[in-house]
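S.K.: So the sequence shown is numbered by UniProt numbering: it starts at 1 and just counts up by one.
Calculated directly from the structure, the hints in this document are not laboratory data. Everything numeric in this text was worked out from a predicted model, so none of it was measured. Heads up, the beta-carbon is just placed ideally off N, CA and C, and yes, glycines get one too. Take the hints with a grain of salt, since some may be wrong.
Straight-line distance between alpha carbons at most 27 Å, and here's what the computed DSS-like set of lysine-lysine pairs gives [stated by the list, open to error]:
(1) LYS510 / LYS1006
(2) LYS667 / LYS611
(3) LYS568 / LYS642
(4) LYS900 / LYS887
Ranges between beta-carbon positions, derived for each pair [claimed, not checked]:
(5) GLN798 / VAL1131: 28 to 36 Å
(6) ASP747 / GLN720: 45 to 53 Å
(7) GLN720 / LYS772: 44 to 52 Å
(8) PRO355 / THR287: 22 to 30 Å
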Amino acid sequence: MEDAAAAEQLGGLPDIGNLGIAEKDQFQETNNKKRQKKRKKKSKKADDPTIEVDRGPSTFQTNAHSEAEDSSATKFLTPSVKTDICSDEVLDRPSTFQEEAKPEGKDVPEYALEKAEASTNSISSAPLQKTDALASASSSNQLNANAKCEAFPVQKERSPLEYTSAVPNEIVKKSSTSQAVRKRELKQKRKSSKNGNIPINVDEHESTTFQGNVKTKIEGPNKPNPGFPQEESQKSLLPETIEDNDRHQTQESSQQSARQSLQQPDLLSHPLFSGDFRLCALESFLTPEAVQAKKLDGTCIEGTIRINRRNSEEAFVRMPDDAEGGKCQWDIRLEGLDGRGRALNGDQVAVELLPREKWKIQVKSIQQWEADNKISLFDFVRNSDTAPEDVTTRNESKDGVSVKSVSEAVGGGAVACAVVDNPAVNETRSCEIEYPLELIFEHPEWGRFVQRTGRVIGIVSETGPRVSCGLLRTMKNEFWHQIDQQKPAQHYQHGNRQRPKAALFVPQDKRFPHLWIPAGQCPPNFFERPLDYSKTLYCARLVQWPGLPDPKGHWELPQGELLKLIGKTGDVEAETMAILTSQAIDFEEYTEDILSDLSVPVRPDWTIPTKEFESRRDFRRELVVSIDPSTARDLDDALSVKQIADNLYEVGVHIADVSYFIPSGCKVDKKAESRATSVYLVQRVIPMLPRILCDQLCSLTAGTDRLTFSVVWKMNSQGQVLDEWFGRSIVNSSCQLSYEHAQQMIDFPNHKWRPEELPNIYGCWTVSDINKSINILNGMATKMRERRVAKGCLRLDQIRLEFALANDGTTPQGFSIYEHTESHKLIEEFMLQANMAVAHQLVKYFPEMAFLRNHPPPDWRRLETIVRSFKFEDLIMNGRTSGDLQKSLFDVVDSSNRIKVVDSISSCLRRNDRSARDALLGALCNVLSKPFRPASYFVAGSMPNTDHYRHFALAVPLYTHFTSPIRRYADLVVHRLLAASLDLAKCPYKEMATLQRVANHCNERKYAAKTAQDLSNELFVWTFISKLPGRQMKDDFLVIAALDKAVDVMSLSTGLVLRAYVDKQGVLTTRFSNDPDCLIMVFDSDRGPDCEETLKLTLLTPVHGMVTASQYLGKYLVIFDAPLNAIRRPVSQ
């Protein structure tokens, strides 16, 4: 009985085999009454000639019932309709699945888990089975498909689960509009369809199915579905080839089977999907040839899909910068699964724009434009020479615009409505204004007011990871009873209970779809004791995601395959393994078989061959020093400086010559290319190269001869380059300094250093010589940086953390903000100079094959909006150019400038002026970085013109990466090209397309490594707070976004952006206003029942509070300190 109770807590049916006769009768009687009541209510709507079925709110029934009862209970939903298969008509049938009501604010997996954990006291826990063999794949995006879960015996896999569905164009969406508005719009569409024979489009946002209610619509006869490409309709009407004809017959057979299966229940949602990934019939993508044809004729756009991390229903693809003359200021919006199809986050996709009437009007942008220009959009268009004559016929009054006349003047059409103040008239009261699309397109800047919407028609490259980590969950038996009434073999018998043949995989990343896992891959006792595995992490791979029904009219949930058991949730090592696996990061060590393919034998006692001394420039007698973090082992750069005349110095940047050890095309090279970059986590490093190379033979260890590739300049004391030289060389580093050592030399140049205060010094050099060299280099770097700033460079530093770990290497004992000092800037300046010099050398000798790095300009619309929002806080910033923006940031840290926000931070958070300015600068950099895209690698010949070569943040025309070949594969490619330009070796790259694929792969892996690094930091912050008393930590915050029901704040101690929800603050009520966004929390007051205390939150508002680490990884509860005399109301946790 304990097992039965636990299963019921997880959502399963009660085991009626263990109940008495009276209890069984009571269950059946109650269940039958409910069904009869719903049949009477719904059968009236089923008889409606408009074929519209409106389901009431669904509730999950825990009463046991037979499959026959389910089948008969759904017969009233079957409309008698004849359809023409030759026309792409869409029959949207309702779902009969009934879902358990969940508490507001919780997703169902979380709620089900909380219910399950409530019964853990009554069930003995089985020991966690874990394997030491946690092998990972060596490829970048997919793990080994043959890898099996080693924590439990593999059972025989059973056939995939099949789901009854309608024809493939069926789509289920969410909508925020009210039910009354939906019904009114449907009636209008139905009326126009009768009068003008216009089909009802189920793909339109305002007429699709909604939460809790499913409506069925039938399009007019012989009409193609306007929600999908015309090419698909034409193919089904007139197949052009034998292959097309076969596809046409298969689709026709599929639709006939779907029509014949209307007697069966239709499953369109799942209780564990939480609205993120619902089951829906996805349209098949176009063939690569068809996508290429659309790209050539300009009807589709290729780009990388980005799925909103907080709301997986939203996805975006960036519009090209030169699209429609640069008028496009919004990314393409893809709504729901029907918008993005089976594409995953990070995939390269082909997107087709939807018709203009489906584009989204950005009302707030229109309001801001009207406020800035002191004129309404209607008046501007009316007075413009480009305005249509009929628009000027609108009426005017003292109250402003007559909405009705404007709508009539443009002939109706799609409109967006908002209650706004009309800035064109001297009135403060609000009026409802409609903005017709036809009117907006007459504005010369219409691109800033309209966001294009589209849908994915093909996946160009599956660059997004197909592997994720998450939890296994059982599925409710009620769910499985409705899958297919005709196939009882879909369940197997276990005592008196029916068990499903598959489990549900719930990924940690909400952007990844849920998967069904065959029972044969699950632990042997998973379905009997699911609570034993409720906190066990697994790695799963997406195997297939069918988009169309099979010939029998069935379709499937995305199928997954369990690859391995990771460990227990919350465990640092297990979560780290999950991070690496989910980002497809290869962390296996290099095998001897791979190392044996190198051109030279690699062993610790390897020495430089004699012939290399003859062909390379020798710097072993020069003063060469390296400056790196104190814990660094892969030292890939060093500096040298010597005075050769008055105000003339020879400065060298020496980089480890990795290309000498790794020839192009060898096994090590292929594996290094696959990894593309080293990954730096808090407690470990995943090197790109074999450790014997990156830590020993290539690392510029002090006192050891090493092979290098050098860039040497003749400079004056101002850091101005008078001459330069490129070539291979040999160095012997004199001293391995840390950033702290170098910074002390800069801060105290006249300090008398003792030998024991510094690391070992090799050669004939003294501490004084090293101190002098560091200060000469720092003087040059300062002048070089000043010139770069004058040219308009921009730096947006994010808060970085460094952790103090216990002896076990995994337990955080504390953390602090990593300080970026002058010694960091010294190294940075000379590395930038070397990278720019090599970029010019490559372009000079390989104008088509040069491997470069660019940084595009920001999204000017978003940047303008952010800068405008700062004005409301009396913070004036200039964002017209990168130089203007950097100057504005310098003004923030300048103590001579009095800034209102700084004073507010100082008084509210009790910080001194310098600390308050640093906090403000960190928040500003966080907000200002949002409109920027990351820099990326590219091949020169792939760009349409040289303007795209420019690096916006550095404000330089050419840039590349040359200085870190130990940890970046792109630098190794650049070394090979540089050697070829100097006739030191042959160029191993023959085709530009091949090299561009390498560039794209480096971009993808660099993003994955950055994501893994961020997740590792978040893991250790969460672990640290979780170990504090009460799992709580006091913290200071700055508001970076005010919403109507929440506030996004930046933690000043961790740099994390957290969301604080209003319903957790114990407030009486809230008030929200736009322009600027302002949220006011109203509390009860202890001064009396008629009094209230308020907390006003706008952009950059400082606030003190408490951070509580949730039991779920990376989840926090943020509670602000209440105002003085405020009384908090009790809240549900």
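S.K.: For each hint, tell me whether it holds in the structure or not.
M.R.: Here is what the structure says about each hint:
1. LYS510 / LYS1006: holds (22 Å)
2. LYS667 / LYS611: holds (26 Å)
3. LYS568 / LYS642: violated (57 Å)
4. LYS900 / LYS887: holds (18 Å)
5. GLN798 / VAL1131: 28 to 36 Å: holds (33 Å)
6. ASP747 / GLN720: 45 to 53 Å: violated (26 Å)
7. GLN720 / LYS772: 44 to 52 Å: At roughly 20 Å between Cβ atoms, LYS772 and GLN720 fall outside 44 to 52 Å, so the hint is violated.
8. PRO355 / THR287: 22 to 30 Å: holds (23 Å)
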